[in-house]
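Asks: What follows is the residue order along each chain.
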Amino acid sequence: MWLSPVELHIPDGFLSPMVSAVGWVLALVMVGFAIRQTRDQLGERQIPLMGVLAAFIFAAQAINFPVAAGTSGHLLGGALAAIVMGPWAATLIMTAVIATQALLFQDGGLLVMGWNILNMGVFTAFVGYAVYALMRRLIGESARTRLAAAFAGAWLSVEMGAIAAAFELAISGTSPLRLGLPAMVGVHAMIGLGEGIITTGAIALLQVARPEVLAVGETAPGRKRASFLAIGLIVALIVAIFSPLASPSPDGLEFVAEAEGFLSRSLDPLYEVLPDYTVPFITNEITTTILAVFVGTLIVFGIAWIVGRTTFRREAAGN
Amino acid sequence: MHFDIGDQYRHRLSVVHLLDPRVKVVATFSFILTVSLTPTGVWWAFGCFLVLILAVAWLTRLGPMFAVRRSFVALPFVLAALAVPFTTPGSVLFRIPGLGWTISEPGMIRFTSILARSWLAVQAAVLLTATTRFPDLLWALGMLRFPRLLVATIGFMYRYLFVLADEALRMLRARSARSAHVPKSPRPPIGWQGRVAGMMVGSLFLRALERSERVYAAMLSRGYDGHIRTLDRFRMMTFDWVALAVVVMVLATPLVVALIQ
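Protein chains in written order, with this note's numbering: chain G, 1 to 319; chain H, 1 to 261.
Hints may contain errors.
[To be verified] If the Cβ cut is set under 8 Å, some of the chain G residues that face chain H in the computed set are: (1) W24; (2) L26; (3) L49; (4) I63; (5) L75; (6) M135; (7) L138; (8) G140; (9) P176; (10) A202; (11) L214.
[Unchecked claim] Per the computed footprint, the stretches of chain H lying under chain G, defined by three or more beta-carbons under 8 Å from a beta-carbon of chain G, are: (12) 145 to 155; (13) 162 to 172; (14) 189 to 201; (15) 221 to 229.
Don't read these hints as lab results, they were simulated from the structure.
Ideal Cβ positions, reconstructed from N, Cα and C, are used throughout, including at glycine.
Here chain H stands alone, though its shape is the one from the complex (with noise of 0.2 Å):
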């Protein structure tokens, strides 16, 4: 058993997927970006942004449910806005029999709206993940301006976090091995397994510093000198620059209007 479903990315040959990360990052962090900004309850404007999420997603090759199906992650953060139709105030939409808890117009918009939202800025990053490897994505991050030292720690992380993930679930299962359990007799106390699972942790800890220890003595010995270099990877084409004014012009016109609105 190895943990290696920890890869987004799915690889094509698209149009999508060849563009330079750099412009993937910013064309993602400005739909997001675009999207938050849109006023409650402007259908027309999420709507053109779901087309264009919709014609992105068609451009990847992935298949065209692929970004929808997996932009259910943030679903249970729902919990959090739940209160919103019923604390907003306006004109009453539907009164709840027996509790008395009304929802009001205004609020359901508002709460629609927050989904949308959620919903839209998901898919865009999943679509991201997805057509970018995520040493690229890195690259693009670190070319951007993000702190270089936290990018480079990033890709160390990525790099050993097979590894440790593997190593967390053999330790699981040694402990599900280890921990027989008879049908109807009492389980252990619930602290005493949090104990065994903390005990884990601590394990998990000191392999992780030693085999940090072992990396940098290798690393060392390798001509480190406390700089990661990496190659361009990439070079800004016609084409990119192209891509990304288009994705620019089609995000900025709706919002414009909608906002002048």
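Pulled out of the complex, with its shape left as it was, chain G reads as follows (with noise of 0.2 Å):
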């Protein structure tokens, strides 16, 4: 096939059922709320614009550019969308990206599609967003800033969705974080290079060729509510990776490979429905922490989001 797939495409039975029943439903939560947003931002425009650009993020995944050995470099775009279109369009269109990707080319699983979503469709817009417009903020409007903005959202955008792969891999039993962590983010530091390289080279172009088009996306609604969103996650994914470490155990990483070694052989009972209706996975404080982490995550998504809602009730109220 001429498309290169990209390493983040989690297949089906990877991740384990209560894992993926998760994913599926944060990712239709925000996929609701995508949905209703686009709709007051763009009437009944939204579906040609939505489906005609998805169409445009696949086939931009296949312009690559020759990196080594081999390899190359090419597009993941749920920065570059969200750059363009603002984080809920671009969520919108990356959604519609994966679930085609998954559903025509078995590019990605059915069950873990939810995940999927979140991954490269809500996380990368929402971090590449977050970072470009904070950027441009703390260093000042010029037509360089924007570009490095650019590539530093969209390098962080992708080291965000592996960041969040591993965590779901890890959780579900199939790779060990101490593992697997440091390997997807390490392959995706590179990855995230090329990623870098051709958003801002894409901004470059839009800067010079049609700059009011950059406008929309910048001043696109909801972006106040998306830049706390994205802080939330952010603040979440720290917590999450250190509250493991920041444990009352002499060694951090000894704290994590026990709960590797716990988390192996806590897998079978998770497949089996909570045998003998108790919830083993409670009683122990290993799990009770990731568990902790899971809702601490949630917590933090929650404050974020109204924090963000009331602010922008109050400037819509200001206006």
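Hints are included, so try docking the two chains, each in its own frame, into the full complex.
Replies: Have a look at this one:
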């Protein structure tokens, strides 16, 4: 196939059913919000515009450039879509792309599609957009900062997707975090460079050829909420990464290793869907930690959402 | 040169092709869910599901190896699970000489189970796509209460997928035609090549944006009001219900027995 698959498409069977179900719920919530947001933004233009741009992302993933040793740099597209269309529209566009890749080419599974949508669509769009917006505000407006911001946003968006995928695989007991996280982060640090270079090139062209198109993305509605959501996500991930290390254990790495060992042993009960009518994993302190991280992630998400919403309302009232 | 390998539908006159797409979607999702729920190391259950998928593959008249051949797309992802045999504690099965790494028996069982689940799931998805036209598949997803707007967007994307992929191919061909390279001369720096690729992406984006505007104007002139209406393509017949019941039975029995054990 001429389309080189990005290594983030998780196939079926690699995530446990519980993890997959959580992914579907979160993805459907995000897609639901994205549909509402873009409907307000675009009205009846929504379907044709989103559809054609989803086809664009799909085709743009084929445009590559040789890097070294037979590998090539290519695009995932979430950050680019978010920069030019706003994060909510990008979520919808990327969801369409990922769903089509899974349904049509079996690139990524069906049961795990929720997480694929989150990793490659939602996380890349929001992180890419937030970093792009934040860097431009911090450094100031100029043609060059915009390019730097686009590069940083694109690179970090791929990294975020990879980190999230590593956690999902670890929680499912497929790949120990101790090995999986560095591997995923390392590989995607390289892939992210290709993403960053291509995104920067595209923004450079738009800046010269059609600056008004960029302005549309930068003033897309819902961006306040979007940046709060993205910041919440980043905070949640940092908490998730450091919480096992910050435990009262003499050696952080040892603790993670223990957690790995426990995870692998606890997997079989998980598949048996709560045998003996007890919740076996609640009793173990390590799983409780992981569970707590998960709940914490949701809470941070919720707080970020509420804060974003109230700020948005206040602004709307002020206007 | 056209991007025409994209459509995975293979037309045959078979029972599976004629089934209501809703039944096929539900059956495929149930199959993948069942395979994912099957406990690690219960080989006879995986065997049952393999027999089921081979039987369906035989019914489709696509040739016995069709799904198997196309099922290797997920193979590169095996790398992600490669550490499992080494890190799972348990009785040592094999020690890699020189490195001192050990492969444990439970680790190997779990690794093989992950591969089995993945392989079976991909085969089911391959069969679904090969026996169902993509518009019918989307219609079924819409009828099964997937977000309508998302389904309509995917349908639109599918329509313009081939147009924009052709556009991208033309750009790639133009780039190759203009990028002569003398052997042994230094290659242009990677950053520059990447920038060119990026500019191509930007230019493709502008073309897509302008196309979407033309498409929207054309739709408006034909009375588009924000709703995409589709015909009721299929109706559930007795045969469809029977097929659904059979699939659910065949899936549920091994799963329940495997879970009870």
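Asks: State the violated hints by number, sorted upward, taking the hints as numbered earlier in the document.
Replies: Structure breaks hints 1, 2, 6, 7, 8, 11.
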